[in-house]
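Protein chains in written order, with our numbering: chain A, 7 to 314; chain B, 4 to 292.
If you anchor each label on the Cβ, the simulated ranges turn out as follows:
1) B/G32 to A/T217: 25 to 35 Å
2) A/N188 to B/G143: 46 to 56 Å
3) B/G75 to A/L252: 55 to 65 Å
I should point out that these hints are in silico values taken from the structure, not numbers from a laboratory. Ideal Cβ placement from N, Cα and C applies to all residues, glycine included.
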Amino acid sequence: MGVHSCRHNLTIEMNENHHISFSVRRVLAIATNTLIDLTRQKVFYFVLIFALSLIGSSVFMARFSFQQEFQILKDVALGAMSIFTSLLAIIATARLIPQDVEDRTVYTILAKPVPRFEYVLGRLAGVLLLLAISTLIMSVMFLVVLYGREQAVLHETARQMSSLPHEQLEDALRAVRSSALNIDILPGIGLIFVKACLLASLTLFVSTFATTNIFAIVVMVVVYFIGHLQATAREYWLQQSNLGWLKRAFLALVALTFPDLQAFNLVDDIVAGAAIPLTLFLNVAGLGVFYIAIYTLLAAVVFYGKEL
Amino acid sequence: MNGPAVAVTGLTKVFPVPFRRQSIVAVRGLDLRVKPGEVYGLLGPNGSGKSTTLKIVLGLVCPTRGQTEIFGRDSRLVESREAVGFLPENPYFYKFLTGTETLRFFGQLGGLSGVSLKKRVDEMLELVGLTDARDRRLRGYSKGMLQRIGLAQALINEPKLVVLDEPTAGVDPAGSRQIRDLIVDLRRRGITVLLSSHLLAQVQEVCDRVGILANGMLVREGRLEELIAVENQTELVLENASGKLVNEIEVLAANSGAKLVARRQSTTTLERLFLEATGNDQARMTNDK
Chain A
7 MGVHSCRHNL TIEMNENHHI SFSVRRVLAI ATNTLIDLTR QKVFYFVLIF ALSLIGSSVF
67 MARFSFQQEF QILKDVALGA MSIFTSLLAI IATARLIPQD VEDRTVYTIL AKPVPRFEYV
127 LGRLAGVLLL LAISTLIMSV MFLVVLYGRE QAVLHETARQ MSSLPHEQLE DALRAVRSSA
187 LNIDILPGIG LIFVKACLLA SLTLFVSTFA TTNIFAIVVM VVVYFIGHLQ ATAREYWLQQ
247 SNLGWLKRAF LALVALTFPD LQAFNLVDDI VAGAAIPLTL FLNVAGLGVF YIAIYTLLAA
307 VVFYGKEL
Chain B
4 MNGPAVAVTG LTKVFPVPFR RQSIVAVRGL DLRVKPGEVY GLLGPNGSGK STTLKIVLGL
64 VCPTRGQTEI FGRDSRLVES REAVGFLPEN PYFYKFLTGT ETLRFFGQLG GLSGVSLKKR
124 VDEMLELVGL TDARDRRLRG YSKGMLQRIG LAQALINEPK LVVLDEPTAG VDPAGSRQIR
184 DLIVDLRRRG ITVLLSSHLL AQVQEVCDRV GILANGMLVR EGRLEELIAV ENQTELVLEN
244 ASGKLVNEIE VLAANSGAKL VARRQSTTTL ERLFLEATGN DQARMTNDK
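From just these sequences and the hints, can you work out the full model?
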């Protein structure tokens, strides 16, 4: 199978040789290379250390009741994770393709038998690996801090209520445990990761037609804010009774083009202790994966026709 | 393999300029053939269309009109690059990778893996004289070292065609000599080399045929010795010849109807003098047995 790399001739041809049109090994090579390149740059460490510091420092925040303490800890930690994974996704991805084109490194890569979409996919996969590692490190830090505080509060509660009946003590300890670590934290973290991956894939798409990484970052900052505000703005406008068809069509276009990033934010529900339904998690995660696939495809299409 | 290694037919490339009426014609109706196993030099001044032609041959840029093929395969097909190694002008690689990691990466892109990849990486580092610097990150490499690692990545997948865009630009005389020795060795091994340059004296030593581009058109092409030969002149270089002998030769020439145009002491080249003075008069890169 042969794939032409020119915009006006995206046809597939049979040939007598057995060149592998899609090679997972090549994509993994590019992904690994991307990961190594990114993890050896200072920006990764600055962002990660800052996030870990913020998560760790939440332990020292003002305490009232243990419920409030755990709420603050979860709010700050998950909020930090959300912001910093989003930041990392945009910053790490924005420079990949424009820098390769500017340095002409892309010539040496594409002069090998590497289809352009494998290059795009490999670069994205490297960033997703970076985000997975970062999310994991931040999650471990958060859970260790939360567990540590939970154990401290349990110990203090048991000491203070040692003279009370056993049933009362058990109730109190159960209340502490349900306020601290609960299973609903995990889907919340999962959606933070999916949101970061979505931002990375959208940044990659923007970077395929951006000439500099600064331009890509600026566009993504605007998209980030639109993504978080559009649901609220849309609901407000749709409540207007005199909204014409043109404005409705425009709102629909914005809703389709810009992902509703607020949908990936379950921090408030987690902090309030609400259970996260599995169907909600699967729907939102599925939507995220759908957007990631679409933006990656768009990036591959634009890069196919790009004059290098 | 009977056909040419590289075939360019009717190639035209026009770059549109946004908001302007007149576009830039980088290449106009170019036809050329590179035979398998030869060293072909694509020469020309800056802006003559050399790099654009090479990029189209490699499928990195689409032609406006015409066609390019590598060993009979349309160069727009990704698989046409399986047998190709490319060194771009002023190569720039990922500076946070070491020399070994860089070669491993490009070897993997070409389909190498495992033990054969490791072996090939070691061979290439040895070939370009970078074994001692293999674990140093590329940010610490000099210009010449970057050029050499670039050559290594171009050769790591044992290509049948090597494309070099200004391979000696910005490289010191010793490095330039090593690159030219390598090109000669590639020819000895039957590998086709297509190189572009505007450093004519350096290219003169290695090319079998040259094509000269100007304003996107091929203005001269042919075997080097034929192109640069002055038709009606012959050179003789004599060692230990006395003044009397030289005078006799001059008289003999005059009696035969010929004319002695110039009589001067043979000179070395400034490059050889530089290499001898700096102790680089032997090629550092080893040739394959």
